[in-house]
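Q: Using the hints provided, position chain E with the ligands relative to the given structure of chain A.
Sequence order for the protein chains is A and E.
Residue 134 in our numbering is what sits at position 134 of the first sequence, and the numbering runs on without skipping anything.
Residue 12 in our numbering is what sits at position 12 of the second sequence, and the numbering runs on without skipping anything.
Keep in mind that the hints were calculated from the coordinates and are not lab data.
It is possible that part of the hints are untrue.
To be verified - Below 25 Å or equal to it, Euclidean Cα-Cα: the simulated PhoX-like pairs (lysine-lysine) are:
(1) A/Lys20 / A/Lys458
(2) A/Lys374 / A/Lys335
(3) A/Lys374 / E/Lys94
(4) A/Lys374 / E/Lys33
(5) E/Lys20 / E/Lys33
(6) E/Lys25 / E/Lys7
(7) E/Lys94 / A/Lys458
(8) E/Lys141 / A/Lys20
(9) A/Lys224 / A/Lys177
(10) E/Lys94 / E/Lys20
(11) E/Lys7 / E/Lys185
(12) A/Lys222 / A/Lys43
(13) E/Lys141 / A/Lys2
(14) A/Lys374 / E/Lys141
(15) E/Lys33 / E/Lys215
(16) A/Lys458 / E/Lys76
(17) A/Lys2 / E/Lys20
(18) A/Lys18 / E/Lys141
(19) A/Lys458 / E/Lys33
(20) E/Lys215 / E/Lys20
(21) E/Lys78 / A/Lys2
(22) E/Lys7 / E/Lys33
(23) E/Lys215 / E/Lys185
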Amino acid sequence: MKTSELLRLVFINITQNKFKTIMTSIGIIVGAATIVMVIAIGKGGQADVAEQFKNLNAGAIDISYEGEGTDSSSGSSSSESGGMPSGGGMPSGGSSSNGSSSSSSGGGGGMPSGGGPSGGGDSGGMQMFDFGSMFGSSSSMEDRINQEKVTLTEDDVDDITTFVGGISDATITFTTKSDIEGGELDEAASYTIAGVKSNYITISNLEMTVGDFITDSDDENKEKVCILGASVAKEIFGSAIDAYGSVIYIDSRLYVVNGVLEEMGSVASGISPDEAIFIPYDTGIKYLVGDDVNPTVTVIAEDVDNVDAVIEDVTNLLTESYPNTEFTYSDAGSKMEAASASNDILTMLLMAMAAIVFIVGGIGIMNVLFVSVKERTNEIGILKAIGGSQRSIMFEFLLEAAAISLIGGTLGLLVSLVVAPVAETLGASVLLTPSAFVIAMIFAVGTGTIFGIYPAYKASALVPVEALSAE
Amino acid sequence: MAIIELKNINKYYDAAGDEKLHVLKDINLEVQKGEYLAILGPSGSGKSTLMNIIGCMDHMSDGYYCLDGELIHEAKEKDLVRIRNEKIGFIFQKYHLIPTYNVLQNIVMPLLMRGMTLNEARERSVDTIDMLGLGQRITHKPNELSGGQQQRVAIARALVGEPAILLADEPTGALDRNSGLEVLKLFKRLNDMGNTIVMITHDADVATHAQRTVKIVDGEIFEL
Ligand SMILES: Nc1ncnc2c1ncn2[C@@H]1O[C@H](COP(=O)(O)OP(=O)(O)OP(=O)(O)O)[C@@H](O)[C@H]1O
Ligand SMILES: [Mg+2]
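In isolation and in its complexed conformation, chain E is listed as follows:
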């Protein structure tokens, strides 16, 4: 069953002069439930642009996008807010944790957004926190953690809402080799547990950890 279905997605940016920058060109892509997909491509090829559209973080210029039964290309902002909160777990290259909040507060934010109390959210997130080995760190601030630890916090935050898909944009890009491998091992485990994962990378080695890889070159997508 396809959880992500992209048809003829285009994305243009306004550029200097009359020319528009055509960043994504007629992208067609399907991701099945439980799949672990890597999107591989060189810098500037449009990987992040595609990922942001998949994650409902940016508008597409035109095309058809169905995510877990929701028609994203015609959804209203109100629905997008809910979809971002319930269906998508987004992991960024630069972690993007909120510096004033401690580990626990960062992790439970998506649950608080759903209207849970801190106590309910804490209970819901205990397993995730344990799985990621963050139990000792929940009162730490992000700046008191290593990059690998921060990325694990970000992953915990993405997982805690039990989303339909996990999206990771260069999740190992800011990490050293060992921390990066740990994250990749974790993704493998999460995928084995049934999570659908889409991961972006420019590194072919990293891509080998996924079940399937597609390539994006200059805004066009190719199955390998």
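Next up, chain A with everything else stripped away, as it sits in the complex:
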């Protein structure tokens, strides 16, 4: 039979049996839409992870000093250091393994607190902080040698860039909290202040909305200038444009707003740029934190696979400068890995769900097609009786099943286009991708065709009289 005539017959069959076509399609529609959604939610999760880490360089390594009582055995959970005015300064309890990421964001060390003087106030300080003494007393006694104040400096950064190979950039930052006045603020409000170098903007993948980031000369001359995060600019001045060129008071000193950053959204770790005010590092040292600074050095490994080697080299180098001092290393790569690993688990669960949908949907499609082809065994008998070959009969049913699957698949994709925004408003992160459509389409057409052709094959293999007498 001519293919054009075959297609005509297929068209007649599909349009003449609209109800059956729709019933057959429903399984395919649901299957295809589910697959698109499952993939979209998986991709959405991946995009979420990528979004959270977008200010992080995969090769970034944060190096910080956690506090005088550094001791790996100290399991204290007390160092929710970020917001506590004195937490970071706690003499012994302040170090904890799980505190590493939060204190690399500058909370712990950056406190200009008087609470943690390194000198002799040890026992007194400990009595003031119950849980510090509970967890850390014995170890802190043994670790006298570490009680000297340790502060990473720009010289350390220079040493690292000079002597450690395989790094593309390095910078030093600190954060602190300070009262801000100015703009539309009615009263002083506390904001995170970050002291940074000019290269911080590239290391953290930030963009300016307006103005320029901190320059080297700002830093050298200890200029009182600042760059506002997007949210900060909105809160204090209403908009980035209004903020640009205005002044704010940080700790009662006047700073000129030299620029405003592009909005970044929430980030997984490090300084949250939207919520921070950036000032030149040396300016901050001079006017805000002084000797109490506990900065974080960030090193960028050129090659992400090289991060461990870089950490080792940096450790060796710092051990020369600071014998018997343990620094905390936190590399972005492993954080990203952890996050994407948990997202991978989610994706795998979704894939398992998709597989179940595949199977259940496939069985549904198979049943409907089986019944509808069975009903047509008589028709297959007629076709055979008037001289239709098994091949042409199967080809007709194949085309029909493929066409129905194609219709069902297309409708399924359309359904997913409707469902996706709904799912998004319900809080799921959904990312529709062309590959999801392709996979869903392949599934739809594949299952529909295979399950449609099999009963047709069985029926057309019968001798005509058997197919005809089947009721």
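A: Chain E with the ligands alone, transformed into the frame defined by chain A:
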């Protein structure tokens, strides 16, 4: 000239137990070109079984069968497909039209199977459609037609490929008396035009319309 030549045809069906059901017993039959033959027999005698074998719709268990020069008993499925399409026009008791297709589409199916386009097939079938008085009905669906009309569509479909023989298994069995007589008149006309016809019936009156009648009783054939 014999267009159908059957020699020692046997047909067994598997039955319950070891016994085989012997439905056709050493059938010998010749049908000449242009002949109009009726096969008469009671229900269950094996008429349809014989007809299905003649129409290449079923396998014989053993025997020799030559149809218009083709040796059916040793033909491959591929050849049988062609033979069914080109040499045989089969008319069923229950019409067996395809319900989704209209009258025209049903009639031209055998021609489409040969690779004709719908337009070519339509042209080829105009005369047949006219002869059967179906011109007004070509866009109707089978379920919109009376039994007699449906049987005429089935006859048109059997005729349109200009087969070597027309086989009809109880063509009047589902029709009322008048429609049945019309079909029989039509067969007479088709036979007068040169068509070879083999018709099955259990009704002796119907058989009288044919030139020749053979009787089949319990799987054995008798010339009358
Ligand atoms: N597929 C089959 N399997 C087993 N036995 C069968 C099969 N088809 C027919 N028979 C048996 O073969 C015998 C002949 O059947 P057949 O259909 O040829 O009779 P018939 O003469 O056409 O009868 P009727 O006038 O009722 O149509 C019957 O006994 C029937 O039961
Ligand atoms: Mg019968």
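Q: Could you run down the list of hints and mark each one as holding or not?
A: How the hints compare with the structure:
| no. | hint | result |
| --- | --- | --- |
| 1 | A/Lys20 / A/Lys458 | 21 Å, holds |
| 2 | A/Lys374 / A/Lys335 | 57 Å, violated |
| 3 | A/Lys374 / E/Lys94 | 19 Å, holds |
| 4 | A/Lys374 / E/Lys33 | 39 Å, violated |
| 5 | E/Lys20 / E/Lys33 | 35 Å, violated |
| 6 | E/Lys25 / E/Lys7 | 11 Å, holds |
| 7 | E/Lys94 / A/Lys458 | 24 Å, holds |
| 8 | E/Lys141 / A/Lys20 | 18 Å, holds |
| 9 | A/Lys224 / A/Lys177 | 17 Å, holds |
| 10 | E/Lys94 / E/Lys20 | 29 Å, violated |
| 11 | E/Lys7 / E/Lys185 | 31 Å, violated |
| 12 | A/Lys222 / A/Lys43 | 45 Å, violated |
| 13 | E/Lys141 / A/Lys2 | 23 Å, holds |
| 14 | A/Lys374 / E/Lys141 | 21 Å, holds |
| 15 | E/Lys33 / E/Lys215 | 20 Å, holds |
| 16 | A/Lys458 / E/Lys76 | 19 Å, holds |
| 17 | A/Lys2 / E/Lys20 | 43 Å, violated |
| 18 | A/Lys18 / E/Lys141 | 16 Å, holds |
| 19 | A/Lys458 / E/Lys33 | 37 Å, violated |
| 20 | E/Lys215 / E/Lys20 | 23 Å, holds |
| 21 | E/Lys78 / A/Lys2 | 18 Å, holds |
| 22 | E/Lys7 / E/Lys33 | 17 Å, holds |
| 23 | E/Lys215 / E/Lys185 | 22 Å, holds |
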